[in-house]
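Chains as they are written, first to last, in this note's numbering: chain A, 1 to 196; chain B, 1 to 419.
Be careful, since some hints might not be right.
Cross-link-like lysine-lysine pairs, in silico, BS3-like; alpha carbons within 30 Å at most [unchecked claim]:
| id | chain 1 | residue 1 | chain 2 | residue 2 |
| --- | --- | --- | --- | --- |
| 1 | A | Lys141 | B | Lys283 |
| 2 | B | Lys188 | A | Lys68 |
| 3 | A | Lys93 | B | Lys283 |
| 4 | B | Lys188 | A | Lys10 |
| 5 | A | Lys10 | A | Lys42 |
| 6 | B | Lys341 | B | Lys100 |
| 7 | B | Lys341 | A | Lys172 |
| 8 | A | Lys10 | A | Lys93 |
| 9 | A | Lys96 | A | Lys68 |
| 10 | A | Lys176 | A | Lys93 |
| 11 | A | Lys96 | A | Lys72 |
| 12 | A | Lys176 | B | Lys341 |
| 13 | A | Lys72 | B | Lys348 |
| 14 | A | Lys90 | A | Lys146 |
| 15 | A | Lys172 | A | Lys68 |
| 16 | B | Lys188 | A | Lys72 |
| 17 | B | Lys188 | A | Lys42 |
| 18 | A | Lys42 | B | Lys341 |
| 19 | B | Lys283 | A | Lys68 |
| 20 | B | Lys100 | A | Lys68 |
| 21 | B | Lys283 | B | Lys188 |
| 22 | B | Lys339 | A | Lys172 |
| 23 | A | Lys96 | A | Lys42 |
| 24 | B | Lys341 | A | Lys72 |
| 25 | B | Lys339 | A | Lys176 |
| 26 | A | Lys90 | A | Lys10 |
| 27 | A | Lys72 | B | Lys100 |
| 28 | A | Lys42 | A | Lys146 |
Which residues of chain B face chain A? A few of them, derived with a C-beta cut under 7 Å, are [stated by the list, open to error]:
| id | residue |
| --- | --- |
| 29 | Pro112 |
| 30 | His170 |
| 31 | Thr174 |
| 32 | Arg184 |
| 33 | His398 |
None of these hints come from the bench; they were simulated from the model.
For each residue, glycine too, the CB sits at the ideal point set by N, CA and C.
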Amino acid sequence: MSLLGVGLLKGMVETARNFVGSYHDPSRLTTVQYPEERLAPKENARNFPFLVYDGADSERGLRCVACKICEKECPPQCIYIVLERDAKGKPQKHPKVFDIDISVCMSCQICVEVCPFDAIKMDTEFELSRADRFGGLLLRKPDLAKPNVHYHRLHPTEAAEVDARLAAEQAKAAAKAKPASPPPPKPAAPTIAPAA
Amino acid sequence: MKPELDEDALIGALSTGEVEPEGLVAGPAPALATLPPPRGFELTPKSPAASAADGEVLEVAMGPHHPSTHGVFRMDVVLDGERVLRLKPVFGYLHRNHEKIAERTTYLASMPYTDRLDYFCSLTNNWAYALAVERLAGIGVPERAEYLRVITAELTRLLNHSCLIGFLLHDMGTMGTPLMYAFREREKILDLFEALTGARMMCNYMRFGGCRVDAPAGWLDQVRQVVDDFPRFLEEFENLITTNEILLARSQGVGVLPAALAISASVTGPMLRASGVDYDLRKVDGYGFYPRFEFRVPLGDHGDVYDRYMVRVLEMRESLHILHQALRDIPDGPVLDPKAKLRNFRPKPGEAYGRLEAPKGELGFYLISDGGPNPYRYRVRPPSLINLTILEDMCRGHTVADAVVILGSVDIVLGEVDR
Chain A
1 MSLLGVGLLK
11 GMVETARNFV
21 GSYHDPSRLT
31 TVQYPEERLA
41 PKENARNFPF
51 LVYDGADSER
61 GLRCVACKIC
71 EKECPPQCIY
81 IVLERDAKGK
91 PQKHPKVFDI
101 DISVCMSCQI
111 CVEVCPFDAI
121 KMDTEFELSR
131 ADRFGGLLLR
141 KPDLAKPNVH
151 YHRLHPTEAA
161 EVDARLAAEQ
171 AKAAAKAKPA
181 SPPPPKPAAP
191 TIAPAA
Chain B
1 MKPELDEDAL
11 IGALSTGEVE
21 PEGLVAGPAP
31 ALATLPPPRG
41 FELTPKSPAA
51 SAADGEVLEV
61 AMGPHHPSTH
71 GVFRMDVVLD
81 GERVLRLKPV
91 FGYLHRNHEK
101 IAERTTYLAS
111 MPYTDRLDYF
121 CSLTNNWAYA
131 LAVERLAGIG
141 VPERAEYLRV
151 ITAELTRLLN
161 HSCLIGFLLH
171 DMGTMGTPLM
181 YAFREREKIL
191 DLFEALTGAR
201 MMCNYMRFGG
211 CRVDAPAGWL
221 DQVRQVVDDF
231 PRFLEEFENL
241 ITTNEILLAR
251 SQGVGVLPAA
261 LAISASVTGP
271 MLRASGVDYD
281 LRKVDGYGFY
291 PRFEFRVPLG
301 DHGDVYDRYM
311 VRVLEMRESL
321 HILHQALRDI
331 PDGPVLDPKA
341 KLRNFRPKPG
351 EAYGRLEAPK
361 GELGFYLISD
371 GGPNPYRYRV
381 RPPSLINLTI
391 LEDMCRGHTV
401 ADAVVILGSV
411 DIVLGEVDR
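In isolation and in its complexed conformation, chain A is listed as follows (with noise of 0.2 Å):
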């Protein structure tokens, strides 16, 4: 048993180094100024997921084909899918709506997993606060559709692998398709420059 006391000013020590360190080492200045300043974003991060577009229009460039699966797979239930239908009722694969109450989402990527058509992605942003808590964070088909170059500048890496895979599943339907009579092909996967 050493002297009593010791052991006291050994932390005391150690806090007043700290103290000190926290003025000049770098492993010790760990706050971030929030507002003023930012961490760098993750590549991997994720919040709420978005629906990706491609071309300029973001109604008819969707890519959702209103199957409904991240619906249906949705741990919370929190996405809500009708689809569109002509004047006959023939289904156009499109969605008439598609809303994502963000505050029931939990941020668990499940619908980006599953969706089959690479047509739901998450997005990063996080400064959503409103001040209408329900119906400000009930988003609507033209709060989710976000461009292709927005997922890109997300997640670069990602989103250039989906790119390539599209572009390749294109090509693949497009020699199948060609010795019999050429049904009108979708459209492309632009290819986007990836962001700086």
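Dock chain B against chain A, hints included.
Quick look at chain B alone, frame taken from chain A:
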């Protein structure tokens, strides 16, 4: 109409032996034996120590909003002055029906819910659930995924133990200094989790048959950096408090849990090992790739709060040892079994129990499949709930301030206790 009884006044009167029902109740006095015990407490003391109360006993509900209870948890304590005579833990304030929700949804959809059990250690929760489903469906896991699981689980252990020690010391009145140091280190590990899984706490990273994504380029080097820097923090932490006389006075001989009682109450994790029982599922079960790694299991001698603190500090050192080996040996390759299915996953009828050594103890998931897309039965064996059940045996005879420290040393997260 039955006369109303003032129970609080009555229990005080009962314990001092000055029972005067006429003064307390209106109308004819009911026989004492027919009185209902107040709030679930029996009127006869449990132990000789409790009967030694002289003066009035006081029943206090500590919680559910008491700052020392680590969440919404209530301890109904019966006090003789400062001394705890009886203590009843009351759970359930954070119950959100996790198990029943999981029986309703698909196997995959309960994976993000497991993050919310013990929200400090979402990656070990993921792993335990994935382990149970993999056993149920007979899915293999690629080698790289197993290594990634070990790395993330050990990082989780570092995170949990360092924070827990911070909280424990905060309960002793260190005014947050060690807690802030612990949170500084936690931040570095959370940054790693964010870079790997996309989320800092609700990682949702494991899948049946592997992990969701491979580690991004340079991630393993970042882990190496954090692991190499961590011993410095541990040294600092130990200098700060391990030999601190106040810590010794507050924790040695407090809340002693004998090994026999710990075993019979099925306590697991660092609490059991602090009582001197050599039982670590990483050694006993050898799940994952743990048999490949060399590490020791720290054991305590006395089973008091100090031993629980010390066992956790030593476990962090062993975790660093495992991390060094895992980072050295991790191979390249796929991280998800190609046969693993995300959708339309229907395991054959059967049952499985997957368990692992979570930072708080044995975390198990018991599943019964009837061949459908959702489990027929889903049950979690939460370590912190079961470790909490013997709180009364540890607290009895100590002061209220010690009860707070003992509760801190149990290491509970109410998300997991109440589910």
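Proposed proximity, lysine 10 of chain A with lysine 188 of chain B (alpha carbon, max 30 Å): holds (26 Å)
Agreement of lysine 188 of chain B and lysine 72 of chain A with the hint, judged by alpha carbon distance not exceeding 30 Å: Not OK: lysine 188 of chain B and lysine 72 of chain A at ~36 Å, beyond 30 Å, violated.
Interface hint compliance - histidine 170 of chain B to chain A, C-beta minimum distance less than 7 Å: violated (15 Å)
Hinted pair lysine 188 of chain B and lysine 68 of chain A, Cα distance within 30 Å: Judged against 30 Å, a Cα distance of about 39 Å means the pair is violated.
Given pair status - lysine 283 of chain B, lysine 93 of chain A, alpha carbons within 30 Å: Outside the cut-off at roughly 54 Å; violated.
Agreement of lysine 176 of chain A and lysine 93 of chain A with the hint, judged by alpha carbon distance not exceeding 30 Å: holds (21 Å)
Hint consistency between lysine 10 of chain A and lysine 42 of chain A [alpha-carbon to alpha-carbon, up to 30 Å]: violated (39 Å)
Per-residue hint verdict: proline 112 of chain B, partner chain A, C-beta under 7 Å: With a minimum Cβ separation of about 4 Å from chain A (threshold 7 Å), the hint on proline 112 of chain B holds.
Straight-line alpha-carbon gap lysine 96 of chain A to lysine 72 of chain A, limit 30 Å: Distance of about 17 Å is within 30 Å: holds.
Hint consistency between lysine 141 of chain A and lysine 283 of chain B [alpha-carbon to alpha-carbon, up to 30 Å]: Status violated; Cα separation ~52 Å.
Hint consistency between lysine 339 of chain B and lysine 172 of chain A [alpha-carbon to alpha-carbon, up to 30 Å]: holds (24 Å)
Straight-line alpha-carbon gap lysine 172 of chain A to lysine 68 of chain A, limit 30 Å: holds (25 Å)
The structure fails to meet hints 1, 2, 3, 5, 8, 16, 19, 23, 26, 30, 31 and 33 from the earlier list, while all remaining hints are met.
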